[in-house]
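Residue numbers for the sequence shown follow the numbering used here, so the first one is 60 and each next one is one higher.
These are calculated hints, taken from the structure and not from any lab test.
We treat Cβ as the ideally placed atom computed from N, Cα and C, and that holds for glycine.
Where hints are given, some of them may not hold.
What follows is a set of in silico ranges between Cβ atoms, one per label pair, in the way DEER data are often shown [unchecked claim]:
1. GLU180 <-> THR137: 33 to 41 Å
2. VAL119 <-> GLU182: 42 to 50 Å
3. SER252 <-> GLY193: 47 to 55 Å
4. THR99 <-> ILE143: 27 to 35 Å
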Amino acid sequence: MTQTPPQPQYAYQAPVPVLAYGVPGPGEPFNGAADPSDLTRPLYGASLPQSLKRFFSSYVRFGGRASRSEFWWMALVTTVLQAIPVILLMIGLGLVLNNSGGTYQSSAFDPSYGGAVVTPENEAAAALGSTLCGIAWILILVLGLGLLLPTIALIWRRLHDANFPGPLYFLGLIPMIGPLVLLVFMFLSPNPSGRRFDT
Numbered sequence: 060m061t062q063t064p065p066q067p068q069y070a071y072q073a074p075v076p077v078l079a080y081g082v083p084g085p086g087e088p089f090n091g092a093a094d095p096s097d098l099t100r101p102l103y104g105a106s107l108p109q110s111l112k113r114f115f116s117s118y119v120r121f122g123g124r125a126s127r128s129e130f131w132w133m134a135l136v137t138t139v140l141q142a143i144p145v146i147l148l149m150i151g152l153g154l155v156l157n158n159s160g161g162t163y164q165s166s167a168f169d170p171s172y173g174g175a176v177v178t179p180e181n182e183a184a185a186a187l188g189s190t191l192c193g194i195a196w197i198l199i200l201v202l203g204l205g206l207l208l209p210t211i212a213l214i215w216r217r218l219h220d221a222n223f224p225g226p227l228y229f230l231g232l233i234p235m236i237g238p239l240v241l242l243v244f245m246f247l248s249p250n251p252s253g254r255r256f257d258t
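Between the sequences and the hints, there should be enough to build the whole structure, so can you do that?
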């Protein structure tokens with residue numbers, strides 16, 4: 060009768076946890092945030108609401124890193140927000156320019172208005188256009204000032220994630236070529252050496 064050899068006994072090993080998308084596993088090089096509320100590390104694969112929360116929670120924090128998803132979601136949001144008053148401004152300017160006596164009618168020449176006929180309807184439309192322009196300029200000013208520091212801080216942290224020093228942000232001040240260079244830097248993938256900027 061043959062005896063089967065004893066089976067080797069192995070120590071119990073815990074199952075490897077399955078991590079959500081965007082959360083780095085143990086030993087991965089980028090050491091990103093495992094929890095969206097952890098603002099000390101970049102959140103790779105951040106969603107729009109997470110990016111929005113992190114953008115305003117890290118209002119003027121220039122230390123640390125920001126992931127590409129955090130940056131590009133906020134680039135989209137700020138572009139859309141800034142487009143709203145610009146559209147209002149264009150509508151207002153169109154109303155002002157089209158209804159402020161700039162339309163010449165050969166059959167009704169009035170020299171007191173510079174050769175143009177201005178009707179009460181034109182004046183009301185021009186006044187509405189002026190009001191829209193005023194509101195648009197106020198919105199542009201408020202949004203510009205309100206988003207200035209958090210946007211600079213986000214770009215600064217995004218440069219850190221690509222392992223560049225934050226002061227490279229000032230390359231954007233070089234006319235024409237500077238903003239393009241900065242834009243290319245924003246597309247670069249994360250660099251593990253960028254961990255040196257973590258706070």
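CB-CB spacing for THR137 and GLU180 relative to the 33 to 41 Å hint: holds (38 Å)
Range hint 47 to 55 Å (beta carbons of SER252 and GLY193) holds or violated: holds (50 Å)
Outcome for the supplied range 42 to 50 Å, where the beta carbon pair is VAL119 and GLU182: Given a distance of about 46 Å, which is inside 42 to 50 Å, the answer is holds.
Beta-carbon spacing of THR99 to ILE143 - inside the hinted bounds 27 to 35 Å or not: holds (33 Å)
The structure meets every hint from the earlier list without exception.
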